[in-house]
Amino acid sequence: MQIVAKKRLKEFWKKHPQAQTPLETWHAVVSKASWKRPADIKKVFGSTVDFVGDNRVVFDIAGNKYRLIVHVSYEYKAVLIKFIGTHAEYDKIDAETVT
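Heads up, the sequence shown is in our numbering, so the first residue is 13 and it goes up one at a time.
Hints are computed from structural coordinates only; laboratory data are not their basis. For each residue, glycine too, the CB sits at the ideal point set by N, CA and C. Mixed in with the good hints there might be a few duds.
The list that follows gives simulated cross-link-like pairs (lysine-lysine, DSS-like), each with its CA atoms no further than 27 Å apart [stated by the list, open to error]:
hint: 1; residue 1: 27; residue 2: 55
hint: 2; residue 1: 22; residue 2: 44
hint: 3; residue 1: 44; residue 2: 54
hint: 4; residue 1: 104; residue 2: 48
hint: 5; residue 1: 77; residue 2: 19
hint: 6; residue 1: 104; residue 2: 18
hint: 7; residue 1: 48; residue 2: 89
hint: 8; residue 1: 104; residue 2: 26
hint: 9; residue 1: 18; residue 2: 89
hint: 10; residue 1: 89; residue 2: 54
hint: 11; residue 1: 89; residue 2: 55
hint: 12; residue 1: 104; residue 2: 54
hint: 13; residue 1: 48; residue 2: 19
hint: 14; residue 1: 77; residue 2: 22
hint: 15; residue 1: 77; residue 2: 55
hint: 16; residue 1: 54; residue 2: 19
hint: 17; residue 1: 48; residue 2: 18
Restraint ranges, calculated between C-beta atoms of paired labels, are given here [unchecked claim]:
hint: 18; residue 1: 100; residue 2: 48; range: 30 to 36 Å
hint: 19; residue 1: 101; residue 2: 48; range: 30 to 36 Å
hint: 20; residue 1: 104; residue 2: 48; range: 28 to 34 Å
hint: 21; residue 1: 88; residue 2: 41; range: 16 to 22 Å
hint: 22; residue 1: 61; residue 2: 18; range: 17 to 23 Å
hint: 23; residue 1: 40; residue 2: 106; range: 18 to 24 Å
Throw the hints in and build the complete structure from the sequences for me.
This is the structure:
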C-alpha cells in the first residue's frame, strides 16, 4: 500500500520519541501490504484495529498508548494518514470526521 502523509508520523515521533519504533514498524508492514478489504487488515493487526465509517481504520500503536487513524482506498492501494495522537488526544476527536 502507498502511504500518504508519512510526514505526519515523523512530526509526531519528534514530539514523542518513544513512538518512533512502533510507527516505523507499522509503516514497514503497511507499505508491503496489498489490502483488498477490511478482513485483510484484521488478519494482520487483529484486535489492535477498529473500523469506523468512510473506510477509516483506527490502529492502536505501542500497546494502545497512541492512536493512528487512516483512510484506506482499497481500489487505489493507498493509505492516507488522517490523525496520530495520544490516547487522550484521540478521546477528544471524532474518528469518522477528523482531517
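To see whether the hints hold, each was checked on the structure:
As the CA atoms of residue 27 and residue 55 are separated by approximately 31 Å, the hinted pair breaks the 27 Å bound. With a C-alpha separation of about 19 Å, the suggested pairing of residue 22 with residue 44 holds against the 27 Å cut-off. Distance hint between residue 44 and residue 54 is fulfilled; the C-alpha atoms sit about 15 Å from each other, no more than 27 Å. Using a Cα cut-off of 27 Å, the hinted pair residue 104 and residue 48 is violated, with the two alpha carbons roughly 31 Å apart.
A distance of roughly 20 Å separates the Cα atoms of residue 77 and residue 19; the hinted pair therefore holds under the 27 Å criterion. Under the criterion of a C-alpha separation no larger than 27 Å, the hint pairing residue 104 with residue 18 is consistent with the structure, at around 23 Å. Distance hint between residue 48 and residue 89 is fulfilled; the C-alpha atoms sit about 8 Å from each other, no more than 27 Å. Simply put, residue 104 and residue 26 have alpha-carbon atoms about 22 Å apart, close enough for the 27 Å limit, and the pair holds.
Annotation: proposed proximity of residue 18 to residue 89 holds, straight-line Cα distance about 15 Å (limit 27 Å). A C-alpha spacing of about 16 Å is found between residue 89 and residue 54, which places the hinted pair at or below 27 Å, so the restraint holds. Taking the CA atoms of residue 89 and residue 55, the gap is about 17 Å. The hint holds against a cut of 27 Å. Of the supplied pair hints, the one linking residue 104 and residue 54 holds, its CA atoms being roughly 25 Å apart against a limit of 27 Å.
Proposed proximity of residue 48 and residue 19 is supported: the alpha carbons are some 25 Å apart, at most 27 Å. Among the hinted pairs, residue 77 with residue 22 is consistent with the structure: their alpha-carbon atoms are about 17 Å apart, no more than 27 Å. Straight-line distance between C-alpha atoms of residue 77 and residue 55 comes to about 22 Å, which keeps the hinted pair within the 27 Å bound. Simply put, residue 54 and residue 19 have alpha-carbon atoms about 25 Å apart, close enough for the 27 Å limit, and the pair holds.
With a C-alpha separation of about 21 Å, the suggested pairing of residue 48 with residue 18 holds against the 27 Å cut-off. One distance hint, 30 to 36 Å for the beta-carbon pair residue 100 and residue 48, holds here, with the actual separation near 34 Å. For residue 101 and residue 48, the hinted distance range of 30 to 36 Å is satisfied, since their beta carbons lie about 31 Å from each other. Hint check: residue 104 to residue 48, Cβ distance near 33 Å, so the stated range 28 to 34 Å holds.
Hint check: residue 88 to residue 41, Cβ distance near 19 Å, so the stated range 16 to 22 Å holds. Distance hint check for residue 61 and residue 18: the Cβ-Cβ separation is about 19 Å, which falls inside the suggested range of 17 to 23 Å. Residue 40 and residue 106 have their C-beta atoms about 29 Å apart, which leaves the hinted 18 to 24 Å range violated.
Of the numbered hints given earlier, the model fails hints 1, 4, 23; all others are met.
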